[in-house]
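S.K.: Chain by chain, the residues run as shown.
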Amino acid sequence: MKRFQILEPRTVAEASRMLQEHGDAARIYAGGTELLLVLKERLLHYDYLVNIKTIPGLGGIDWDQEAGEVRIGALATHREIERSPVIAEYVPLLAEVEKKVANVRVRNVGTLAGNLCFAEPHADPGTVLLLHDARVVLETATERRELPLAEFFIDALTVALEPGEILTEIRVPRTPPGAGAAYTKFGHLERPMVGVGVLLQAREGTIIDARVAVGCAGPTPRRMPEAEEILRGAALARVEEQLAAAGEAAAAHCDAVDDLHGTAEYKRHLVQVLVGRVARQALQRIKPIA
Amino acid sequence: MATTQAAPATGAKTALDIRITVNGKEYNMQIEPQETLLEVLRNRLHLMGAKRSCDSQVCGTCTVLVDGMPVSACTYLAYEARGKEVTTIEGLMQDGRLHPVQQAFLENNGFQCGFCTPGMILAAVSLLRENPNPTDEEIKRYMRGNLCRCTGYVKIIESIKDAARRMNSGAA
Numbered sequence: 011m012k013r014f015q016i017l018e019p020r021t022v023a024e025a026s027r028m029l030q031e032h033g034d035a036a037r038i039y040a041g042g043t044e045l046l047l048v049l050k051e052r053l054l055h056y057d058y059l060v061n062i063k064t065i066p067g068l069g070g071i072d073w074d075q076e077a078g079e080v081r082i083g084a085l086a087t088h089r090e091i092e093r094s095p096v097i098a099e100y101v102p103l104l105a106e107v108e109k110k111v112a113n114v115r116v117r118n119v120g121t122l123a124g125n126l127c128f129a130e131p132h133a134d135p136g137t138v139l140l141l142h143d144a145r146v147v148l149e150t151a152t153e154r155r156e157l158p159l160a161e162f163f164i165d166a167l168t169v170a171l172e173p174g175e176i177l178t179e180i181r182v183p184r185t186p187p188g189a190g191a192a193y194t195k196f197g198h199l200e201r202p203m204v205g206v207g208v209l210l211q212a213r214e215g216t217i218i219d220a221r222v223a224v225g226c227a228g229p230t231p232r233r234m235p236e237a238e239e240i241l242r243g244a245a246l247a248r249v250e251e252q253l254a255a256a257g258e259a260a261a262a263h264c265d266a267v268d269d270l271h272g273t274a275e276y277k278r279h280l281v282q283v284l285v286g287r288v289a290r291q292a293l294q295r296i297k298p299i300a
Numbered sequence: 032m033a034t035t036q037a038a039p040a041t042g043a044k045t046a047l048d049i050r051i052t053v054n055g056k057e058y059n060m061q062i063e064p065q066e067t068l069l070e071v072l073r074n075r076l077h078l079m080g081a082k083r084s085c086d087s088q089v090c091g092t093c094t095v096l097v098d099g100m101p102v103s104a105c106t107y108l109a110y111e112a113r114g115k116e117v118t119t120i121e122g123l124m125q126d127g128r129l130h131p132v133q134q135a136f137l138e139n140n141g142f143q144c145g146f147c148t149p150g151m152i153l154a155a156v157s158l159l160r161e162n163p164n165p166t167d168e169e170i171k172r173y174m175r176g177n178l179c180r181c182t183g184y185v186k187i188i189e190s191i192k193d194a195a196r197r198m199n200s201g202a203a
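Protein chains in written order, with this note's numbering: chain R, 11 to 300; chain B, 32 to 203.
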């Protein structure tokens with residue numbers, strides 16, 4: 011790696027000012043699992059790494075009872091999330107998926123926030139968070155805004171962070187009571203090729219909420235409203251008949267691209283198959299509300 | 032605990048002074064911010080057990096424990112180990128006796144060429160600390176980031192299960 015300097019801010023405001031001051035010569039550094047790889051490859055170079063791990067209070071995973079959502083601090087690692095009782099209780103699918111991210115060494119060091127900010131398309135957590143309508147909190151020295159995760163992802167490796175902005179927390183509304191949620195990934199390389207998540211909620215024998223998200227196939231993970239529409243309102247007893255159509259709708263809208271992992275055509279096929287398979291698993295996990 | 036002064040880097044204004052404990056021995060050293068833990072272990076402390084292979088956190092040959100937690104030393108800044116305890120394969124032996132996981136790998140033919148073995152053993156030590164009685168499935172899941180190109184993994188899984196038995200019975 012080429013030489014850089016590590017800066018150690020004590021507050022978010024200080025970190026933001028460092029980023030503003032150094033512009034493109036500085037980058038936020040937390041786990042470093044993605045950043046250090048590109049620095050070693052010399053694909054990028056920064057004169058300054060702003061180590062946000064020196065900022066007290068940026069970590070932690072808490073349940074916000076009033077909002078009915080989980081707050082995941084920017085410094086929370088994949089491993090902390092996978093083992094968190096709060097996540098297991100309120101967003102169990104996230105814990106399940108985090109257990110299978112990369113390997114234990116990456117999960118020990120890498121943060122969820124870093125995973126989202128790096129926006130490498132071949133990743134799992136973004137898809138699961140989209141299923142839960144997660145939001146990200148972005149802060150500078152003077153401003154604080156919240157953005158739906160769906161608007162945070164702009165393109166492969168591109169997110170909506172403005173200069174000097176830092177992702178400080180991820181807010182994840184709890185899995186709706188009684189809902190069934192599932193996620194499956196498929197791939198033959200180290201990172202996944204296609205990831206599909208489905209969340210279904212039923213009341214009085216009818217699907218009242220259907221969420222489908224597809225990741226890895228295209229430049230960003232995305233919800234699939236066309237597939238969701240087909241499932242929403244379906245009778246629980248007959249939803250099985252709609253799964254093929256929902257799969258086709260998702261395959262048609264998932265923006266699959268050719269890459270090292272597979273052709274767009276192959277990925278569309280996988281999306282079509284996986285939507286049905288994952289939806290069946292989600293259905294098995296539903297606890298109908300009277 | 033003995034304190035050893037390692038050779039400082041020369042002529043760098045960005046150099047950092049860190050204190051790091053490696054295999055129970057404390058070192059005060061001056062490092063460059065961009066130095067990886069693997070570079071410090073191999074180039075400065077001449078501990079050759081952890082190896083650079085894929086250099087991208089996939090293969091596990093550079094696995095070391097930092098405060099007991101497995102990390103890829105190839106993609107982990109030495110700066111991050113400041114004030115922490117690093118364990119490499121060279122530090123597992125106690126009082127002239129191999130660690131039970133080492134002994135189990137030896138007796139169960141858990142390695143052939145040995146290249147992956149230091150990382151494999153350290154990952155297994157961490158696994159057994161977290162889960163003293165893992166199932167085959169749990170072993171496979173935990174060890175999936177440590178690749179072996181010789182054994183086909185069967186002997187490794189047998190070694191880890193044997194190590195678990197040894198450690199649970201208190202006999203090395």
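Source of the hints: derived by calculation from the structure; they are not laboratory data. Warning: the hint list may mix true and false statements.
[Said to hold, decoys possible] Subject to a maximum C-alpha distance of 25 Å in a straight line, what follows is the list of computed DSS-like cross-link-like pairs (lysine-lysine): (1) Lys-192/B <-> Lys-109/R; (2) Lys-56/B <-> Lys-110/R; (3) Lys-171/B <-> Lys-110/R.
[Said to hold, decoys possible] Pair ranges (Cβ atoms, derived): (4) Leu-167/R <-> Val-185/B: 53 to 59 Å; (5) Arg-83/B <-> Gly-243/R: 39 to 45 Å; (6) Gln-134/B <-> Pro-95/R: 44 to 50 Å.
For each residue, glycine too, the CB sits at the ideal point set by N, CA and C.
S.K.: Decide, hint by hint, whether the structure agrees.
M.R.: Verification of the hints:
1. Simply put, Lys-192/B and Lys-109/R have alpha-carbon atoms about 22 Å apart, close enough for the 25 Å limit, and the pair holds.
2. Our distance criterion of 25 Å between C-alpha atoms is broken by Lys-56/B and Lys-110/R, whose separation comes to about 35 Å.
3. A hinted pair counts as satisfied when its Cα atoms are at most 25 Å apart, and Lys-171/B with Lys-110/R qualifies at roughly 12 Å.
4. At about 40 Å, the CB distance of Leu-167/R to Val-185/B disagrees with the hint of 53 to 59 Å.
5. Between Arg-83/B and Gly-243/R the CB atoms are about 56 Å apart, so this pair departs from the stated range of 39 to 45 Å.
6. Between Gln-134/B and Pro-95/R the CB atoms are about 36 Å apart, so this pair departs from the stated range of 44 to 50 Å.
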